[in-house]
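So the sequences go chain by chain: A and B. Residue 298 in our numbering sits at position 298 of the first sequence, and the numbers go up by one each step. Residue 1221 in our numbering sits at position 221 of the second sequence, and the numbers go up by one each step.
Read the hints as simulated data drawn from the structure, not as lab findings. For clarity, every value in this text was computed on a predicted model and none was experimentally measured. Cβ atoms here follow ideal geometry from the backbone N, Cα and C, with glycine treated the same way. Hints are supplied without guarantee of correctness; some may be wrong.
[What the hints assert, rightly or not] For each label pair, taking beta carbons as the anchor points, the in silico distance ranges come out as:
1. 337(A) x 1259(B): 46 to 52 Å
2. 1329(B) x 123(A): 38 to 44 Å
3. 1238(B) x 238(A): 23 to 29 Å
4. 1338(B) x 159(A): 27 to 33 Å
Here's the letter readout for the chains.
2 protein chains.
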Amino acid sequence: MAVLGTGLIGGSIALGARTRNRRLPVVGFDDDPAAAAAALGRGALSSVADSLEEAVAGADLVVLAMPVDQIPAACTRLARAVPAEAIVTDVGSAKAAVVEAGEAAFGPRFVGGHPMAGSERHGIEAADGRLFEDAWWVITPTATTSSSAYQRVGALASSLGAKTVAVDPVTHDALVARLSHVPQIAASALVDMAVTGGDREALLGLAGAGFRDVTRIAASNPDLWVAILRSNRTAVLEGLQTLGKRLEGVADAISAGAWEELRSWLDEARSARLELFAKPDHGGEPIAISMLVPDRPGVLAEVTTEAGRLGTNIEDLRIVHSTEGGRGRLELIVAGEAAAGILSEALDRLGYRVERGEFD
Amino acid sequence: MAVLGTGLIGGSIALGARTRNRRLPVVGFDDDPAAAAAALGRGALSSVADSLEEAVAGADLVVLAMPVDQIPAACTRLARAVPAEAIVTDVGSAKAAVVEAGEAAFGPRFVGGHPMAGSERHGIEAADGRLFEDAWWVITPTATTSSSAYQRVGALASSLGAKTVAVDPVTHDALVARLSHVPQIAASALVDMAVTGGDREALLGLAGAGFRDVTRIAASNPDLWVAILRSNRTAVLEGLQTLGKRLEGVADAISAGAWEELRSWLDEARSARLELFAKPDHGGEPIAISMLVPDRPGVLAEVTTEAGRLGTNIEDLRIVHSTEGGRGRLELIVAGEAAAGILSEALDRLGYRVERGEFD
């Protein structure tokens, strides 16, 4: 395995993988030699390379973990250096531009990833092999993605204790804009607004637990965030516009004294907030479902992103190609009867003939 | 003491006061007889009155703890019912309209208050006599406020374990709009935006700890919040406009690719956030400072709000009126040399002749 960029995420992946398998060779590279040396010192790496090219030379799995705005250029640069059979993935917080560059460089062997863990602390010092335990790891397959790339990255995520979910890259970017990037900007804007003007000293008395919560993420690393916002520009601008309109709508309701309308709106947001985090995990026994699939691009992405849309965690996945060619069998393992039932129905509606049980 | 409105705040004040002094008579009233009965059952009240008027009849301290949008009308209604010597205060989250009505009804015997505690849970069931321990209790004196009103409410707050700070009502409202009311709206707007549109089911995977933090307060009670927003309409509208402009500024920077500008802005917000909550409390030994003051309205408000502006907690305060009339001596106790020094200097600049030591 090659890990390019040995900060919090890259370092934690390497550390987690090596904690589980002490003998696993993990070659690392970082623009900052001290960061790579520290990763080596912590046992996250088995060796440090002198260049990106040297790091990937013998790898069968390449993890791009540099700042997200540097990933597209790294893909282009490494197109020929990565061994022909190796799988390439990344951990960037924005995906459309990265996936485009990754597929241009590596074709079906590239699949984007986004582990949902850690952003306030950073650097190899904060790395933790258990960072991904019980976290979600979003995988962003497309019509181009090979099943072996999807499986390999899913296996990496699972081995680190993460739950995987598949979402297509453009949807991913719109979702993270709304769930992470715009809230980040809003938190900073609220701090900026709060401390502007006089009476700054009296703020402490009036800034309660709510303000603390809302603005906690404003203490995040600005360099990291510029890279993220830069890489998800389009979706972030859309999100900011949407938020601006929502706030204008509230201002209009207050100006008009439309208190009942305001109450309903607050109540809906309240219910949505409570529901969002009260949503039960589809846990349970592993259930296998399988289906015949045409051997054409896009099937894997369609099936896995449908599972993602339903919030169903695919625990394992494989494709058995038919010897007759033209079609194969896709087998999925999901946790629990409920999840298996929901996913089977949805896939039926998409035209797949879903069966229970493993295909062996 | 009379407590009008026996919900979370009124109930907690009554409970705290009675925990400290089992024999203190606390008469309560609530629009909801069940809430008043529950407060009596919990020992927060010594008796329940049948009307607002009956509740205040024998009181020397009246605490208005009904929903904030009902306080102005209660003041008007109780103008004659409250005994001539009684002090009146309230606990509303917005102050300008309340203080105006309170002073119209009770003159110098009214002083507004705003204990900064609890808003997600509500009702007498959640009441807790220790709710205010180590919390800030904002007092909003004006040029009209008598020193006995200020002292009495300060003593109530201190007896419940709160730290007091004085802020004038209009500044208070602008500050809470920025620190609490607009953040509340922003949190609800972010939830609303996040759950609108497709892929709602995939949200759970992508909604990280940051989103949880930012939107936690969106789960608050909508009725309470409508009352608050209604009572602080002007300052909230100004705050929403300011926030909207900040967000537009960020969108412009992103559109223009002004990454360095964006980085600086995020960095400033980061520093401000860290500084805000890292600010050390001015703790230490009680230090007395005193000064001759003209016996005219407004002096008390000027001195206490200056202390509030500086973040200095006034532990105790008294005014000794000169027998010659026309002036008196104001004595303040603050915690620690640092706070005493800063406050003395500031008051010197305002033209007061500040001396160290108690006047006795």
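Checked hints:
{"no.": "1", "hint": "337(A) x 1259(B): 46 to 52 Å", "verdict": "49 Å, holds"}
{"no.": "2", "hint": "1329(B) x 123(A): 38 to 44 Å", "verdict": "57 Å, violated"}
{"no.": "3", "hint": "1238(B) x 238(A): 23 to 29 Å", "verdict": "27 Å, holds"}
{"no.": "4", "hint": "1338(B) x 159(A): 27 to 33 Å", "verdict": "54 Å, violated"}
Hints 2 and 4, counting from the list given before, are not met by this structure.
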